[in-house]
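J.: Sequence:
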Amino acid sequence: LELTKPIDAGFAKFCETCGTCADTCPVGAISPRGVDRNWDSNTGQDWVNDKQAGGTQVMYNMPGFKGWRCNSFACAFSPCGSACKGACPFNTIADGSFIHSIVKSTVATTP
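The sequence shown begins at 1 in full-length UniProt numbering and counts up by one.
Please keep in mind that the hints were generated in silico from the structure rather than gathered at the bench. Don't take every hint at face value.
Here are the computed lysine-lysine pairs in the DSS-like style, where the Cα-Cα straight-line distance is at most 30 Å [to be verified]:
hint : residue 1 : residue 2
1    : Lys5      : Lys85
2    : Lys85     : Lys66
3    : Lys13     : Lys66
4    : Lys13     : Lys85
5    : Lys66     : Lys5
A quick note: this is a predicted structure, and the numbers were derived from the prediction, not measured.
Take the sequences, apply the hints, and build the full model.
T.: Shown next as structure tokens:
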């Protein structure tokens, strides 16, 4: 397949101003509103010089994309039941979230 330019559907900009998931997370596993996206892991591990293999540091929170970090280890052992996913406006179609229809129609028609 030929490479295409990325489509900016506005997800990142929306999340920068929303922060509902981080506000809802009872264990603070999601980067709070106001924290910029970055390339680092949230564990602070030195991935260039650390030759460690295995363990929770390697298994969770791996760098490699510019985004917000979720402490997946804390999340996995949290009793919250993914409250963040239920609170996210992109996941609440049943509550009448109009953003889904806008994003779906935009992505479907954008070359």
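J.: Would you pick out the hints that fail for this structure and give their numbers low to high?
T.: Of the numbered hints, all hold.
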